[in-house]
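2 protein chains.
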Amino acid sequence: MISVLKIGHRPERDKRITTHCALVARAFGCSEFVYTGKRDPALEESVAGVTERWGGEFRVRYSNSWRREISNFPGLRVHLTMYGVPFESELRRLKGNVLFVVGGEKVPREVFELADLNLSVTNQPHSEVGALAVVLYAVKGTEHEFPNAKLRIVPSPKGKVVRPAEGSRSREAEGSR
Amino acid sequence: MISVLKIGHRPERDKRITTHCALVARAFGCSEFVYTGKRDPALEESVAGVTERWGGEFRVRYSNSWRREISNFPGLRVHLTMYGVPFESELRRLKGNVLFVVGGEKVPREVFELADLNLSVTNQPHSEVGALAVVLYAVKGTEHEFPNAKLRIVPSPKGKVVRPAEGSRSREAEGSR
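Protein sequences appear in the order of chains A and B. Position in the first sequence counted from 1, then plus 81, gives you the numbering used here. Position in the second sequence counted from 1, then plus 81, gives you the numbering used here.
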């Protein structure tokens, strides 16, 4: 089971970045996305809506304490940070229950200390969305099952082909042209 | 040479997503980031400031025509889209001059047609930042040179270690604790 914890969400400023983190977690097969900071029902509804249409058993949860989430996680706690050691060097350890912690601009020092590993995806400033996507891709690849989807994409070289998922009773075809 | 083209920037709404796309492009060794939509000097200054401090010869450029950028690009034009074929199947073709095109929510049909390849990073909705990061990682890895940096990070298992880069006359140590 892989979980992602995003620290310090600010609805006014971070809405899309936090949403992208959650959707990356879902697309690469994580079980859960937890966020701290300010609670944002619109964020939760947006991600739940994606799961409703595209399937899977992904959960989004607000927590008022990153400290408790990290401390109580029953597995390896991995903080992704540009200051850490290259993630490739620890890739073999990223198995079983893993919590990936991503922050924004100001991550408290205690996060570095509570984490079992502080890992970097390059030592350049870029994006928590990008860093999370790369590590999840390296750990889990791109092939994941999304049971109970209403929609599925038929990969296409030139257009958009969206079908009701097999076994779905929905005739909705969002995004098709 | 690898370039990234982001279509349809809206400064109010997309500032951080577009910035993250640009910084991912830089961190993974691309030469140039081009964006269309509404011009945003603050975005350009923000990315230029990162390059000024952290090195490299990365350029950010505004264009008023994605059509012209794609049509005139002297190399392979690759549109990243959840509707495309899995990028892994075409990974060997992503060599030499490549333009990666990323959009937002509504990408014009013509982009799909102008692109030589429409490639997906999973067929699930997630993030142009995440998709770009994964493909660039798969194509270029994480080891890149950033000449003329003022700062460099010494990878650390527990904290933040930032040093003036060798050969730099700067004594600035932004982000150190």
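Calculated from the structure, these hints are not laboratory results. Don't take each hint at face value.
Put simply, identical chains are the same to the list, so a pair is met inside one copy or across any two.
Said to hold, decoys possible - Each computed DMTMM-like pair below joins lysine to aspartate or glutamate, with the alpha-carbon atoms no more than 25 Å apart:
1) Lys-241 with Asp-197
2) Lys-239 with Glu-186
3) Lys-176 with Asp-197
4) Lys-231 with Asp-197
5) Lys-119 with Glu-169
6) Lys-231 with Glu-171
7) Lys-241 with Glu-194
8) Lys-221 with Glu-171
9) Lys-241 with Glu-169
10) Lys-241 with Glu-186
11) Lys-241 with Glu-171
12) Lys-239 with Glu-126
13) Lys-96 with Glu-247
14) Lys-231 with Glu-186
15) Lys-239 with Glu-191
16) Lys-176 with Glu-191
17) Lys-241 with Glu-226
18) Lys-96 with Glu-169
19) Lys-221 with Glu-133
20) Lys-96 with Glu-125
21) Lys-239 with Glu-169
22) Lys-239 with Glu-194
23) Lys-96 with Glu-171
24) Lys-221 with Glu-93
25) Lys-187 with Glu-93
26) Lys-231 with Glu-126
27) Lys-241 with Glu-133
28) Lys-187 with Glu-125
Keep in mind the model is a prediction, meaning the values are calculated, not measured.
25 Å Cα threshold - placement of Glu-126 relative to Lys-239 | neither (31 Å within a copy, 35 Å between copies)
Please work out whether the CA atoms of Lys-221 and Glu-171 approach to 25 Å or closer within one copy, between two copies, in both situations, or in neither?
-> both (14 Å within a copy, 19 Å between copies)
What label fits Lys-239 with Glu-194 when the C-alpha limit is 25 Å: within, between, both, or neither?
-> between (48 Å within a copy, 6 Å between copies)
Between Lys-119 and Glu-169, at a C-alpha cutoff of 25 Å, which is it: within one copy, between copies, both, or neither?
-> neither (33 Å within a copy, 38 Å between copies)
For Lys-231 vs Asp-197, is the C-alpha pair at or below 25 Å within one copy, between two copies, both, or neither?
-> neither (39 Å within a copy, 30 Å between copies)
Quick one: Lys-176 to Glu-191, C-alpha cut-off 25 Å, is that within a copy, between copies, both, or neither?
-> within (24 Å within a copy, 42 Å between copies)
Quick one: Lys-239 to Glu-186, C-alpha cut-off 25 Å, is that within a copy, between copies, both, or neither?
-> between (38 Å within a copy, 17 Å between copies)
Intra- versus inter-copy proximity for Glu-191 and Lys-239 (alpha-carbon distance at most 25 Å) | between (48 Å within a copy, 10 Å between copies)
Please work out whether the CA atoms of Lys-187 and Glu-93 approach to 25 Å or closer within one copy, between two copies, in both situations, or in neither?
-> both (17 Å within a copy, 23 Å between copies)
With identical chains treated as interchangeable, where does the CA-CA distance between Lys-241 and Glu-169 reach 25 Å or less: within a copy, between copies, both, or neither?
-> Between copies only: 19 Å across chains, 35 Å inside a chain, cut-off 25 Å.
Within, between, both or neither: Lys-241, Glu-133 at alpha-carbon 25 Å = Classified as within: same-chain Cα gap 20 Å, cross-chain 40 Å, threshold 25 Å.
Since the copies are identical, ignore which copy is meant and state whether Lys-221 and Glu-93 lie within 25 Å (CA to CA) inside a copy, between copies, both or neither.
-> Neither way: Lys-221 and Glu-93 sit 32 Å apart in one copy and 34 Å across, limit 25 Å.
Hint check: violations occur at hints 4, 5, 6, 12, 13, 18, 23, 24; the rest are consistent with the structure.
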